[in-house]
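S.K.: Hints are included, so try docking the two chains, each in its own frame, into the full complex.
Residue numbers (the working numbering), protein chains in the order written: chain A, 1 to 96; chain B, 1001 to 1132.
Derived by calculation from the structure, the hints in this document are not laboratory data. Ideal placement from N, C-alpha and C gives every residue a C-beta, glycine not left out. Some hints could be false.
Claimed, not checked - Here are the simulated distance ranges between beta carbons:
#1 Pro-1093(B) / Gly-81(A): 22 to 30 Å
#2 Trp-1095(B) / Leu-76(A): 27 to 35 Å
#3 Thr-62(A) / Met-1001(B): 16 to 24 Å
Said to hold, decoys possible - Coverage of chain B stretches by chain A, computed from C-beta distances (three or more under 8 Å per stretch; other residues unrestricted):
#4 1008 to 1017
#5 1047 to 1059
Claimed, not checked - A partial selection of chain B residues facing chain A, derived with a Cβ cut-off under 10 Å:
#6 Ala-1020
#7 Gly-1021
#8 Gly-1023
#9 Arg-1026
#10 Ala-1036
#11 Ala-1037
#12 Thr-1038
#13 Arg-1064
#14 Leu-1067
#15 Phe-1071
#16 Gly-1079
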Amino acid sequence: MSHDGPELTEMAANLALAMVGVALFLAFVRLVRGPTLPDRVVALDLIGVLAVGMISAYAVATDQPALLDPATVLALVGFLGTVAFAGYLERRGRDE
Amino acid sequence: MSEQISAALLMVGAFFMLLAGLGVLRLPDLFIRLQAATKASTLGVGCMLLAVAIHFQGLAVTTRAALVIAFFCVTAPVGAHMIARAAYAAGVPLWEGTIADELRGRRRPSGELASEATAESPAQTVEGREPP
Chain A
1 MSHDGPELTE MAANLALAMV GVALFLAFVR LVRGPTLPDR VVALDLIGVL AVGMISAYAV
61 ATDQPALLDP ATVLALVGFL GTVAFAGYLE RRGRDE
Chain B
1001 MSEQISAALL MVGAFFMLLA GLGVLRLPDL FIRLQAATKA STLGVGCMLL AVAIHFQGLA
1061 VTTRAALVIA FFCVTAPVGA HMIARAAYAA GVPLWEGTIA DELRGRRRPS GELASEATAE
1121 SPAQTVEGRE PP
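Okay, chain B solo, but in the shape it has when bound (with noise of 0.2 Å):
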């Protein structure tokens, strides 16, 4: 019973893990890549490892694996936010469909490269808020 649930563990982080690579290559920007790169993995490398703790049942690998999973848990949200906000701040585009941008002349800098993305955005700034 036990290999055949870490055979379907086992398959279903790979599955995860495909689309995670699928969305990192073809969605369309950054803020939106992130969510595959850091959600669909570490969705798939937490299937995997209980796969591995399930087919092994020693209290070492167990344990091993328990520790790896919680800090993926705790450390992907925190890379992936890391990466947002800077980038974020260096202005890179948004995607033309964006509809939601409530940073939105608060962090973004007054360059080009940020003017030029906001432009043709559906976005409206948010009430309340001033641009500097």
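Bound conformation, chain A alone (with noise of 0.2 Å):
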């Protein structure tokens, strides 16, 4: 690459790509670990958001702007699941 300013932003993507990496890494220890149900709502609902990260990063490292309608759609999609686990939570709570 002859210019300067993209090979900085797309080694800047990788790097970024390894830290989210990392850091969904650890999410999902807690998923496995987590002690209780809701620890493991938690590290899920984590885990979609660290996705969508993960999705940005990815587009900027590849010029791929389509990548962001994922990226979108996994952001709904992970509130919806959020939601419905925390009523389910809160229904078996109550019933027991």
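M.R.: Below, the structure written as structure tokens:
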């Protein structure tokens, strides 16, 4: 690459991908280990947000603006999943 | 110039996401972990989407990124509040160093998990509110 600018962004995007990957791993450890079900729900919620961040970093790294659409959909689905899990938890807590 | 700003925002966003993952793994109880999972990750994803908008510099991409940022700012507190309320009502134990629990005796069920969780806690019952 002759121009310096795009290379810098690509490098930063690749580094960001690695960092978000580490964060995903840590959240996954909490998902597996979480002592209670709400802990797992929190970890799953965080994994959804981290996936949106990972997709946006990948969009920058590969110069594909179309990748932002999956990020939007993932954000919507992640919120719906969290709300559904919270409703389920509340119902289960009341029944016990 | 915009490349540098975009790269810096990407790094800041990734740093806050790493912080969120670390907090969710290392913090002591569910309600404290929820802070890391909600606030740090919202800030991180906001920075990264801003970096995307600056990198592509088009109306369509900027609109979508702004939409996702606004969506996260609205839904992250709502989701965290719902999880925390459900978990508190279900009797998830608090950290033993908790110093304030204003809902104690109001929403908490009288199950053994709840009484065990609040037995050693130094928090006092809030005046004027009697436990059921």
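S.K.: Hints first: check each against the structure and report whether it holds.
M.R.: Cross-check of the supplied hints:
no., hint, verdict
1, Pro-1093(B) / Gly-81(A): 22 to 30 Å, "holds (25 Å)"
2, Trp-1095(B) / Leu-76(A): 27 to 35 Å, "holds (33 Å)"
3, Thr-62(A) / Met-1001(B): 16 to 24 Å, "holds (22 Å)"
4, 1008 to 1017, "holds (count 7)"
5, 1047 to 1059, "holds (count 7)"
6, Ala-1020, "holds (6 Å)"
7, Gly-1021, "holds (3 Å)"
8, Gly-1023, "holds (9 Å)"
9, Arg-1026, "holds (8 Å)"
10, Ala-1036, "holds (8 Å)"
11, Ala-1037, "holds (4 Å)"
12, Thr-1038, "holds (8 Å)"
13, Arg-1064, "holds (5 Å)"
14, Leu-1067, "holds (7 Å)"
15, Phe-1071, "holds (6 Å)"
16, Gly-1079, "holds (4 Å)"
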